[in-house]
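Reminder that position 742 of the sequence shown reads as 742 in my numbering, one-by-one numbering, no gaps.
FYI, nobody ran anything at the bench for these hints, they're computed from the structure. Backbone N, C-alpha and C define an ideal beta-carbon position, used for all residues, glycine too. Don't take every hint at face value.
Label pairs and their computed distance ranges (CB to CB) [what the hints assert, rightly or not]:
#1 459 with 756: 49 to 57 Å
#2 626 with 594: 28 to 36 Å
#3 835 with 756: 19 to 27 Å
#4 207 with 2: 13 to 21 Å
#5 892 with 715: 16 to 24 Å
#6 908 with 835: 47 to 55 Å
#7 2 with 451: 35 to 43 Å
#8 451 with 881: 45 to 53 Å
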Amino acid sequence: MSLLLLLVLPFIGSAVAALLPTTARNLDSVWAAAVALAVAVPLALLYPEVAAGGVVVERLTWLPSLGLDVVVRLDGFAWMFAMLVAGMGLLVIVYARYYLSPEDPAARFYSLLLGFMGAMLGVVVSGNLLQLVIFWELTSVFSFLLIGYWTHRRDARRGARMAFTVTASGGLALLAGVLLLGHVVGSYELDAVLAAGDTVRAHRLYPWILGLVLLGALTKSAQFPFHFWLPHAMAAPTPVSAYLHSATMVKAGVFLLARLWPVLSGTEPWFWIVGGTGLATLLLGAWAAMFQNDLKGLLAYSTISHLGLITLLLGLDSPVAAVAAVFHMMNHATFKASLFMSVGIIDHETGTRDMRRLDGLFRHMPVTGTLAIVACAAMAGVPLLNGFLSKEMFFAETVFVGANPVVQIVLPLAATLAGVFAVVYSLRFGHDVFFGPEARELPREPHEPVRWMRVPVELLVLACIAVGTLPALVIGPLLETAARPVVGGTLPVYSLALWHGLNTPLIMSAVAMAGGIVVYLSYARAFKRRPRGGAPLVGRYDGRRVFHHALAQVTAWSRRTLRLLGTRRLQPQLLAIVAAAGLTGAASALVVPLEWGERARMPGAPGFVLLWAVGAASAVGAAWQAKYHRLAALTMLGVVGLALCITFAWFSAPDLALTQLAVEVVTVVLFLLGLRWLPKRTVPDDPRSDARARWRRRRDFFIALALGAGLAALSFALLTRHAPLSISPYFLENALPLGGGTNVVNVMLVDFRAFDTLGEITVLGIVGITVYALLRRFRPPREVIHRPTQQQLVAPDGPSDLAEHADSPLAAQSYLEVPAVLVRLLLPVAGIFAAHLFLRGHDEPGGGFVAGLVVSIAFIAQYMVSGTRWVEERMVLKPPRWIAFGLLVALATGLGSLAFGYPFLTTHTAHVAVPLLGTLHLPSAALFDLGVFAVVVGSTLLLLTAIAHQSLRAQRRPVAERAGEA
1 MSLLLLLVLP FIGSAVAALL PTTARNLDSV WAAAVALAVA VPLALLYPEV
51 AAGGVVVERL TWLPSLGLDV VVRLDGFAWM FAMLVAGMGL LVIVYARYYL
101 SPEDPAARFY SLLLGFMGAM LGVVVSGNLL QLVIFWELTS VFSFLLIGYW
151 THRRDARRGA RMAFTVTASG GLALLAGVLL LGHVVGSYEL DAVLAAGDTV
201 RAHRLYPWIL GLVLLGALTK SAQFPFHFWL PHAMAAPTPV SAYLHSATMV
251 KAGVFLLARL WPVLSGTEPW FWIVGGTGLA TLLLGAWAAM FQNDLKGLLA
301 YSTISHLGLI TLLLGLDSPV AAVAAVFHMM NHATFKASLF MSVGIIDHET
351 GTRDMRRLDG LFRHMPVTGT LAIVACAAMA GVPLLNGFLS KEMFFAETVF
401 VGANPVVQIV LPLAATLAGV FAVVYSLRFG HDVFFGPEAR ELPREPHEPV
451 RWMRVPVELL VLACIAVGTL PALVIGPLLE TAARPVVGGT LPVYSLALWH
501 GLNTPLIMSA VAMAGGIVVY LSYARAFKRR PRGGAPLVGR YDGRRVFHHA
551 LAQVTAWSRR TLRLLGTRRL QPQLLAIVAA AGLTGAASAL VVPLEWGERA
601 RMPGAPGFVL LWAVGAASAV GAAWQAKYHR LAALTMLGVV GLALCITFAW
651 FSAPDLALTQ LAVEVVTVVL FLLGLRWLPK RTVPDDPRSD ARARWRRRRD
701 FFIALALGAG LAALSFALLT RHAPLSISPY FLENALPLGG GTNVVNVMLV
751 DFRAFDTLGE ITVLGIVGIT VYALLRRFRP PREVIHRPTQ QQLVAPDGPS
801 DLAEHADSPL AAQSYLEVPA VLVRLLLPVA GIFAAHLFLR GHDEPGGGFV
851 AGLVVSIAFI AQYMVSGTRW VEERMVLKPP RWIAFGLLVA LATGLGSLAF
901 GYPFLTTHTA HVAVPLLGTL HLPSAALFDL GVFAVVVGST LLLLTAIAHQ
951 SLRAQRRPVA ERAGEA
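Kindly generate the complete structure, drawing on both the sequences and the hints.
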């Protein structure tokens, strides 16, 4: 199966799972398990190829001009992690089927879990670092949604926000580091980066690259001082916690450290930063885990400690230590996932995770207790279990590390101390919960779970035993396959034997085991007596409090800044924007003097001068009439737009003229509807207020005049200069041979710059939906709602009354008396005209954008003359669906070219012979233009009808309320 398909499959499964009915619990779990199995089996079949040292690479051409392609790269290390992601995901899905309650929305859970799987697979198999960063941030998004799955719980919402803030911020730092790394290497391809280790380490930007990349990795893997978010993520459902801790999210950070180990390691900064951070996290997590009374809290801090162990191994700059780190990643995934699932079973069957209430559960749950105790022993590093082997390799590396004498003494002692702590918290889990006096007053009567809920735990514990007893046979080949790419292709000498003789690492293990038992027996009751499970010495330095304090300070600073610089009035905001733009332009003119070019001037045409004399007079008149009569000002503004349309036509740009004309119509309608929201004009009682208003109008007039003159001068300077590097000849020469059309403007929009156009219509759709979402719950202030009576509209008392009510679009409608029937008859005509513009757009003036505007104008006209109710009763428009359809069609057009092996959004023209019609040219860009058409129609209708609906709602207040005002 294609690797690209394997990468996309979880996301497809996620989308399908989201559409499944919430009542079909078996259906959604079976579907999710089938998707995970469909990913795991093909990956397993690729093992012979990667075990032989091969690298499976698939490339999807995306933006070759920028060196950005979708690259899926699978070597031994990526294969191991991908199998963990898919295999552990399958076990978690089976487990979750029996964990979730009937009230939980299971379809949403499995949808998010499959999306999480796809995001983590993307991180693992990305062959392009920028692509890796995209999937990296996707894991933060999906983890946010999964941690906050139980939205009714406050701790879940807070934990999700904290996890997302920390990890997503680290992802931004990682993006900056990747950009610098790609700049140094000259490519973002992973193969090129892995081969440029010496170049990167010798570059002057290496410290910045190292710091930014480590910031992203250490925040993701909850390393000190960013460890505080992980325990608060325990508010997630236990299946999520098991998956997050074993194979996804937190493992992404150590995966990245191992992935870039050949490039970034081998320097003093790497040794001290990575090794020091790992050592601090190892001790801090193990120390805090001993004092937790919540079972998931204990496992969360133990995960922090084990991740610190892996980070420390990768920081030791030893190939054997890197192999040990990969080995412990695999071992940790098995025993930690089994322990989390065991905790879920205990919580599910007893109703609590509080270790102070749990005792003697082995009597009621002997099978679950046996499985959990074996997994605890693996976590503690008991012989004949997998955790013992990787712990021995860790102890050996701390003993034989090559560093200064202080490190050679401190590191083995710290490693042994961490081993003591690991034995203590493992004993707390295994002994305190399952042995001792029988627990009383539990929320539920303890009993074994259903058979299939325990199967994933049994398989994982079996793996712990198999690896611990037969390591060379069970895990040896897999470890060689996974570790070879990490160390650069040549494996160091290491051994997975169970007995290496009486040596220092074995003595350290014995001391850790004996010391842990002594500490536990001495302080077992003291651990339980701590009321909130806080660890002494480090409890006061709570990272959560630091995080919330920093968040509060940033929020307060933002509010102060907003009070100082912000305003809710539109006019000052526009003034600030325009003034800043003008000052920037003036400053740039000081650096690069504004000079006229030497191109020959064309003689001025009297007609063109007269046109812009009318346009200039209308612009000044619009500014002047805005004080007295807004409808007149809007009319003059339309005259300015019409002058601009004629200007485009004058300079042989009919496409732009046609589009500008349609845009002007839509804009005028938008302003007309917006007049309803503006407050009524009032004469200020205070002469000083009137003087200030006059001063503001004069100020705005001179600012506008200055900026207009500056833009005119800039335009004149550009038009009079020669442009030897102009790109216009390229488009003129290649529009027909490469784009299949003679309308250069349309070919540019749907072919040469189609990627830009896709982004623009996406933004347009987002703007339309956002405006609709904002206005659907917004009500205009009471003083804005002003509805003239029928008598005032038909027979106004005088000019002042007419001026007062002319701001209302309803008043304008009443005076114009446009027959609704005529406008309805124009609807099919407008549709035919829009189809004509759309079909001819590739070769003649037209296209999807202007066709969409014409259709929008026709529909808006129906709203204006017939009313909202008449239109909605006879036409089902549903603008959001137009937007969705347009974006999907545009995206499908680009993906279609990828399916045939061409870059994204590459245009192809088919020549089809049709009887009677002759040969038809059918460019694929027409489908993309159809997407543009649909998005323009949907967004324009959504914008204008949202404003129109609010105006109508403002008018439909109760009669008694209006009578009271009268």
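Now for the hints, and whether the structure bears them out:
1. A hinted range of 49 to 57 Å holds for the C-beta pair residue 459 and residue 756, which are about 51 Å apart.
2. Hint check: residue 626 to residue 594, Cβ distance near 31 Å, so the stated range 28 to 36 Å holds.
3. Distance hint check: the CB atoms of residue 835 and residue 756 are about 26 Å apart, consistent with the given range 19 to 27 Å.
4. A hinted range of 13 to 21 Å for the beta carbons of residue 207 and residue 2 is inconsistent with their spacing of about 40 Å.
5. As the Cβ distance of residue 892 to residue 715 is approximately 40 Å, the hint placing it in 16 to 24 Å is violated.
6. The beta-carbon spacing between residue 908 and residue 835, approximately 23 Å, falls outside the hinted interval of 47 to 55 Å.
7. The supplied range of 35 to 43 Å is met by residue 2 and residue 451, whose beta-carbon atoms lie about 37 Å from each other.
8. Separation of residue 451 from residue 881 is about 46 Å and conforms to the stated range, judged on CB atoms against 45 to 53 Å.
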